[in-house]
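A.B. asks: For reference, the chains in residue letters:
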Amino acid sequence: DVKVTQSSRYLVKRTGEKVFLECVQDMDHENMFWYRQDPGLGLRLIYFSYDVKMKEKGDIPEGYSVSREKKERFSLILESASTNQTSMYLCASNQQGSSAKNIQYFGAGTRLSVL
Amino acid sequence: DAKTTQPPSMDCAEGRAANLPCNHSTISGNEYVYWYRQIHSQGPQYIIHGLKNNETNEMASLIITEDRKSSTLILPHATLRDTAVYYCIVRVGGGAQKLVFGQGTRLTINP
Chain A
1 DVKVTQSSRY LVKRTGEKVF LECVQDMDHE NMFWYRQDPG LGLRLIYFSY DVKMKEKGDI
61 PEGYSVSREK KERFSLILES ASTNQTSMYL CASNQQGSSA KNIQYFGAGT RLSVL
Chain B
1001 DAKTTQPPSM DCAEGRAANL PCNHSTISGN EYVYWYRQIH SQGPQYIIHG LKNNETNEMA
1061 SLIITEDRKS STLILPHATL RDTAVYYCIV RVGGGAQKLV FGQGTRLTIN P
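Heads up: the sequence lines are chains A and B, in that order.
This note's numbering applies: residue 1 is where the first sequence begins, and numbers increase by one.
This note's numbering applies: residue 1001 is where the second sequence begins, and numbers increase by one.
Hints listed in this document are in silico derivations from the structure and should not be mistaken for laboratory results.
Computed from a prediction, not measured in an experiment: that's the story for all the values here.
From the three backbone atoms N, C-alpha and C, an ideal C-beta is built for every residue, glycine too.
Check before you lean on any hint, since a few could be wrong.
[As the list claims (entries may be wrong)] Reference listing, derived: stretches of chain A covered by chain B, where coverage requires no fewer than 3 residues with Cβ under 8 angstroms from a Cβ of chain B: (1) 17 to 25; (2) 60 to 72.
[To be verified] Below, computed lysine-lysine pairings styled on DSS-like, alpha-carbon distance capped at 25 angstroms: (3) A/Lys70 with B/Lys1098; (4) B/Lys1098 with A/Lys71; (5) A/Lys57 with A/Lys71; (6) B/Lys1052 with A/Lys57; (7) A/Lys53 with B/Lys1069.
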């Protein structure tokens, strides 16, 4: 059974704190993604990675950075958390290549509140 | 990616078949139809996908019209745990592409 695990389901942080969100997948997938999901705005891509140490900006990278030191782990970092980063954060992974199975597998999500 | 249109909400009785429609009239020849769902406060879950033939797996069936301009997701025996928002997405195959969800259909299964 495929598995994408996010380290926390709920987090509460203070403005200005450095926040780490961790994601681990056990499917040997090359691609990993970080999205945020907000009511009325849908799913928005923050960053993705197609290989170890490789990263690409998504649609809303400002205020975030990422790290991929090992294939199975993709970390999202909020350098200095702000209240507008309060959101549901979703990690996903999938296989590389042009296969029709562009299926992304998601973690359960981390609901982050920045006070 | 082609645009999709889904009804905002639907109700279905427990144990009955839930049929969720999706219109994608601008679909191009190399685009697949994918369905995901998201149960409240959880991450999205892949359900099924297809190109032009009907598909079935352990979760659902996907019926695609011959002209490929619309499709229907069928949950054959809906349970309360199937209450979720269902998203229909049309896109080409391939790995490192973001998913873009529309508004989806909020399906409520009633006891």
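A.B. asks: None of the hints should be skipped; say for each whether it holds.
C.D. replies: Hint by hint, here is what the structure shows:
no., hint, in the structure
1, 17 to 25, "violated (count 0)"
2, 60 to 72, "violated (count 0)"
3, A/Lys70 with B/Lys1098, "21 angstroms, holds"
4, B/Lys1098 with A/Lys71, "19 angstroms, holds"
5, A/Lys57 with A/Lys71, "18 angstroms, holds"
6, B/Lys1052 with A/Lys57, "33 angstroms, violated"
7, A/Lys53 with B/Lys1069, "41 angstroms, violated"
Consistency note: the structure conflicts with the earlier hints numbered 1, 2, 6 and 7.
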